Amino acid sequence: CDYGYNIYWGENSFANFNLIALDTCPIYVGNYVLLGPDVKLYTAAHPTDPQGRLDGVEYGKPIRIGNNVWIGGGAIIVGGATIGDNSVIGAGSVVVKDIPANVVAVGNPCKVIKHLKEPTRAPNQFQQLTMFNLQK
Numbered sequence: 686c687d688y689g690y691n692i693y694w695g696e697n698s699f700a701n702f703n704l705i706a707l708d709t710c711p712i713y714v715g716n717y718v719l720l721g722p723d724v725k726l727y728t729a730a731h732p733t734d735p736q737g738r739l740d741g742v743e744y745g746k747p748i749r750i751g752n753n754v755w756i757g758g759g760a761i762i763v764g765g766a767t768i769g770d771n772s773v774i775g776a777g778s779v780v781v782k783d784i785p786a787n788v789v790a791v792g793n794p795c796k797v798i799k800h801l802k803e804p805t806r807a808p809n810q811f812q813q814l815t816m817f818n819l820q821k
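Residue numbers (the numbering used here): 686 to 821.
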């Protein structure tokens, strides 16, 4: 991460190996979020105007990830994007605009391919994803 203090992490959320979080602006991760390996969260950006880049202009936009979201391995989320509650982002997808709640979205650019039903009850006891008992 760039700073670390711009990352707001929800309860019972999990990030697999090699998470990159460039937190020039805030990154909000909801509760019960699952991030696969090699997910990248980029809030920093540069202008598309060549002169602006030569002049060293930089800016950033926040990223918002709702509750109960699963982001597959290798996905890239760019600044300014919001991912709604209960959604799934396919592995390798590039999220460049908002994704609504309760959908499966995939691709580059990431697009909705399926609508999901909203959960009807609270989660069961959350199983720690990092614990595994080999003796069972």
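If you're looking for bench data, these hints aren't it; they were derived computationally from the structure. Computed from a prediction, not measured in an experiment: that's the story for all the values here. Just so it is clear, CB atoms sit at the ideal spot from N, CA and C, and this is done for glycine as well. Treat the hints loosely; a few may be bogus.
As the list claims (entries may be wrong) - Label pairs and their computed distance ranges (CB to CB):
hint, residue 1, residue 2, range
1, 799, 704, 33 to 39 angstroms
2, 738, 807, 46 to 52 angstroms
3, 741, 703, 16 to 22 angstroms
4, 742, 794, 21 to 27 angstroms
5, 733, 705, 20 to 26 angstroms
6, 704, 732, 46 to 52 angstroms
Is the gap between the beta carbons of residue 799 and residue 704 within 33 to 39 angstroms?
-> Since the Cβ atoms of residue 799 and residue 704 sit about 26 angstroms apart, the hinted range of 33 to 39 angstroms is violated.
Regarding residue 738 and residue 807, is the given constraint of 46 to 52 angstroms on their beta-carbon distance met?
-> This hint holds: roughly 48 angstroms between Cβ atoms.
Would you say the C-beta atoms of residue 741 and residue 703 sit inside 16 to 22 angstroms of each other?
-> 29 angstroms, violated
CB-CB spacing for residue 705 and residue 733 relative to the 20 to 26 angstroms hint = Between residue 733 and residue 705, where Cβ atoms are some 22 angstroms apart, the hint holds.
Residue 732 and residue 704 - C-beta distance against the hinted 46 to 52 angstroms = The hinted range 46 to 52 angstroms is violated for residue 704 and residue 732, with Cβ atoms some 27 angstroms apart.
Between residue 742 and residue 794, does the beta-carbon spacing fit 21 to 27 angstroms?
-> 24 angstroms, holds
Comparing the model with each earlier hint shows violations of hints 1, 3 and 6; every other hint is respected.
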